[in-house]
Structures are given as C-alpha cells and as structure tokens.
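S.K.: Listed below, chain by chain, are the residues.
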Amino acid sequence: MSTNDLDKTIDKLCEGLKPVKPCCPTRNGLLWILLVICYTSAIAMTIGFRENIIESMNKPDYVFELVLAFAIAISASLMAFRLSIPDCEKYKKFMAVPLTLLGVQFVWMLERLFFEGMGDIRVDWLSHCWMNTVLHTTIPALAVILLVKRNGASVMPCWMATYALIAVTEFGWIGMRLICTKDNVGEAYLINFLPYAILGIALGFVAKKLFKW
Amino acid sequence: MEKQQETQIDLHWKDLAGKAQKGDAVAYRALLSDLIPVIRRTVIKSLPNPQNADDVVQDVLLSVHKALHTYDPKRPFMPWVYSIIQFRKTDYLRQYYAQHDNVKLSLDDPDTPDYLVISGHNGTTKDIEEAFDTLPDQQKKVVELMKIKGYSAEEVSKKTGLSISAVKVSAHRALQKIKERL
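Respectively, the protein sequence lines represent chains A and B.
Quick note on numbering: the first sequence equals residues 1 to 213 in this note's numbering.
Quick note on numbering: the second sequence equals residues 1001 to 1182 in this note's numbering.
Among the hints, erroneous ones may be present.
[Claimed, not checked] Distance windows between CB atoms, simulated:
#, chain 1, residue 1, chain 2, residue 2, range
1, B, Pro1048, A, Leu30, 42 to 48 Å
2, B, Thr1007, A, Ala197, 45 to 51 Å
3, B, Thr1007, A, Thr100, 32 to 38 Å
4, A, Ile201, B, Gly1023, 40 to 46 Å
The hints are simulated quantities; they were obtained by calculation from the structure and are not laboratory data.
For glycine and all other residues, C-beta sits at the position ideal for the given N, C-alpha and C.
Pulled out of the complex, with its shape left as it was, chain B reads as follows:
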C-alpha cells in the first residue's frame, strides 16, 4: 500500500518535472514546494545543527534547478532527486567539519560549554563522589582500581589479594550501591 502511494507520488513529481523542463513555472513551483519537506526530512537527522537544515534545503533547491536538464522524464524522479540531496548534504557536512576543525574556543565566550569553564566539580560529579565515599574501604579500593584507573579484574586481584571472582562481585555490589544512592 505504502509502496503504491510512493509510486503515485513519484509519478506525480515525474509529471511535474517533465512540465518544468518544458518551461511550466506553475508545475515547477508545485514541484519545488512539494520537495521542501522531503529534503528537510532526509537531511535533518544527519546534521549537527538541525536548525541549519533549511540552508541545505536551499542548496538542494538550487542544485535541482541547475541540474533540471539532467533529469530523464522516462526514469523515476526520486532516485534523481535523492542523489542530489545526498550530494549536497555531504558537501555541507564536509564544509561544516572543515570549518569547525580548527575553531578556537574562548573560555570567556558565553557559548563555551560549562564543562570546559568550571574547574571544580559540578553537582553531578559531586553526588557520585559522595556516593563513592559511603562505600566500605575494600569496595572503594576495588572500584577505584577497576573503574577509575582501568585495571583488569586479574590485576586488581593481585594488588588486593582477593580472588578474581571476589573482585568482580565486590565491584558489582559497589556499583549497585552507588546507583541506589544516586
């Protein structure tokens, strides 16, 4: 059913595109207006800033205009327009990341994220620390070695003298406790 609907839409756009190639401005306007939500929906998920989606939509509309002569009215319309959408989206993303690769953030800039500016702990990490402090010494040591310093269960077992399974159980219980407290 959905496929049938898609085919009908494609046939409709194919017809509009054919008329646009002959110079029918009304059909062309209808086609471009119809395409806006389709383009927006296709690009919005992969953009870093969804509010910039309309910039890409505009690029695609201009590209559709420039490439109108390359559309073959005997072929389906959607594959042609999707190729252009993907091409312009990739172009946009390439430019976006090229521009943002070497951006220097000023710490005085109000847009700079808090985690780069605040040197102390914010509320969330403080809560975790408080929960961590309530653990028994042995569990605290196991969590510190395994989850903060990154040692394996075997290495922690050697350092603490506990068996490997005891280390794993201890770490598991400690994390459960922290989770409950949070």
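Excised from the complex, chain A in its bound form:
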C-alpha cells in the first residue's frame, strides 16, 4: 500500500459519491417503537385479549410489571438506535438506564418467586406460549435489523444487538401479558423469557457478522 494507492482509493470514492440524507437515530428509534406498539396491539387484538384484562388493569402489580417492561423497552430501543451510528460517545452515559431497569425487573421476579413460588405451568406451553411469542416478535426483530443495517454503521455492534434484543424481548413480553391469563412466575417469566435467552445466546455469536459494515 502506497500513497498512490490511497490516491486511487480517494479517486474511486469520489467517483462513486452520491448525495446522502443524514440519518437521525432517535427518529428511527421512535419510528420503530411506534411500529412495534401498533403491531403488538394488532396481534393482541387478533389473538384476543385475555378474558380478565379489565380486572387485571386494576391490579397494581400487573400494571407495575407492564409499565416497567414498557420503560425498559423504550429505553433499550432508543439506546440500540443511538448505538447504531459511530458518534455514540455522548449516549454512553445512558447505557445504564435500560440495564438498571432490567435489574429492577429481575429483582421483582425473584421477590415474587420467593413469596409466591413458580406456580402451575401448562403442559402445552410450547405450542401456546412460544408460538405466540414468535408471532409477537418476528416482525419487530426483522424491522430493527433492517433499519439498523440500512441506516446505521455501528462501532459497538455487540452492545447494539444486546439493546435491540432487550427491546424486542420486552415488547414481546408485554404482548404476551396482554393475551395470556397466566401471571405466575413459572409461565409469565421463565417460560415467556426463555426463547429470548436462547435467541440472545445465538445473537451473541452472530452480532458482529450480522452488523458488519
């Protein structure tokens, strides 16, 4: 590699220059959040809301769980999109927000597990819970990958993938809570979060390749 080669590279890059529109990660993030909220609501309406939804909305625990999951989902989505551009240094200080909220959720789950136990788990959990989970999350997951790959160039691909996974997980989990009547820890947390844990491990191996640019 010589200075001449670098000059040739610059020549090529200048020849191929086309006007580009500066992307805004926050706008993309908000767009994705809006899309996922609409999609999750549509799926919940198609499958049918849980029978006791009105009764559940009056339970502070149920509402707290939903609000907490929603806060994690929103903060993780914004973080994922902000990490999708190279100049993400100024956002690094917010990286702790979704993780802290996730910690609160984990402590909440442990507390419920301690006081209530696992509860009953249905025999057909695989066909019921996991299939609905797939339905809730496939489109949002594909949308986030597409948006980030098309509009982003991340210098922190693994962290970005982690936050995207958290966001998809929490939105999917909210969707499940809207349609599934089982609120016990065994189903609501362990069975419903398990597919995401598996997906997370798989994503850990491919994140760098998936978001290579």
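Once you've looked at the hints, dock chain B against the given chain A.
M.R.: Frame of chain A, contents of chain B only:
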C-alpha cells in the same frame, strides 16, 4: 490557542463533510485527503508493523465513505471520525493477532529471528559470561543463586552462610563490576 486551531479545523471539516453529503465531490476529495495524515498519525503508534499503517488508512477511508450518511452536520466532525478510526484499528489488530497466533516459523526461513536459530551464544551473552568469570568466587555464587536461579536474599544467605545484608552488598558489587566490564 491550540484548542482554537483544533476547533477551526473541525469547523472546516464539518463544512466539507456537509458538502460531501450533498454530493460535492471536490469537497469530499479535500476532506479525505486531509484525513489521511490524521488517520496515519492516530493508528501508527499502536500497530505492530508501522509499514502497514496505510492498509488501516484505506480501511478507514472506505468506512468513512460507507458511514457518511450517519454523520450529523450539527455535531462536531472529529468525534465521529475518531470512532471510526478506533473501530477499524481494533478490527485490524484483532485480525492481525488472530492470523499470527498459530503461525509456525521455519528455522530455515531467512526472516526467522537469530535468537531462535543460533544454538550457541552470540556476542552479547559471551561478553556477559566473560565478565561473570572475572568475579571472585563468592560474588559469582551469590549472583548465580540470586540473579540466575532466582533465589531470594534470605535463601542465598542460608545456602552460603553469609548474612542477608552481606548477600545484598555482594550481589550489588558483582553487578556493578559486570556493568563496568561491559
């Protein structure tokens, strides 16, 4: 003063990058040409082979081109470009060390370092040995135990029957003598 200069350069590049985003090839060429020495200077110190710096420079230029749409013209230019430089440098180093981890060196290869091929002593170690031989027996024994075999002053003291402070003084004087002879 220096900071002011830096800000001016940043403003200039910011302007060029903004024009490049609108498709101005002249501004883009000026920007990329300006960046070459900056990238080279940033990466050269941490590369195992400084002669490969231009490979990383080329990678960074291509990355700047691919990520041009992610630059926000309202933000400073340097943090954006430095993030890309650091990212590509880390990528390069990761690949470099991954490739060199399992490299087998042939002893017949002219590039193989001498210290792996020459079984005897080269000039430097021979000089040290000669200097070591000139030491009195007691100092020689102390240096051998402490500096070659790695015993502590206390252990050497037990082995030689000298006091700990005498061992330390003896080792110090011996090394001074070797240093003078070299």
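S.K.: Range first: 40 to 46 Å. Now tell me if the beta carbons of Ile201 (chain A) and Gly1023 (chain B) are that far apart.
M.R.: Roughly 44 Å apart at Cβ, these two residues keep to the hinted range, so it holds.
S.K.: Taking 45 to 51 Å as the stated bounds, is the beta-carbon spacing between Thr1007 (chain B) and Ala197 (chain A) within them?
M.R.: For Ala197 (chain A) against Thr1007 (chain B), whose Cβ atoms are near 48 Å apart, the range 45 to 51 Å holds.
S.K.: Between Thr1007 (chain B) and Thr100 (chain A), does the C-beta distance stay in 32 to 38 Å?
M.R.: 36 Å, holds
S.K.: At the C-beta level, are Pro1048 (chain B) and Leu30 (chain A) separated by a distance inside 42 to 48 Å?
M.R.: At roughly 44 Å between Cβ atoms, Leu30 (chain A) and Pro1048 (chain B) fall inside 42 to 48 Å, so the hint holds.
Comparing the model with each numbered hint stated earlier shows that all of them hold.
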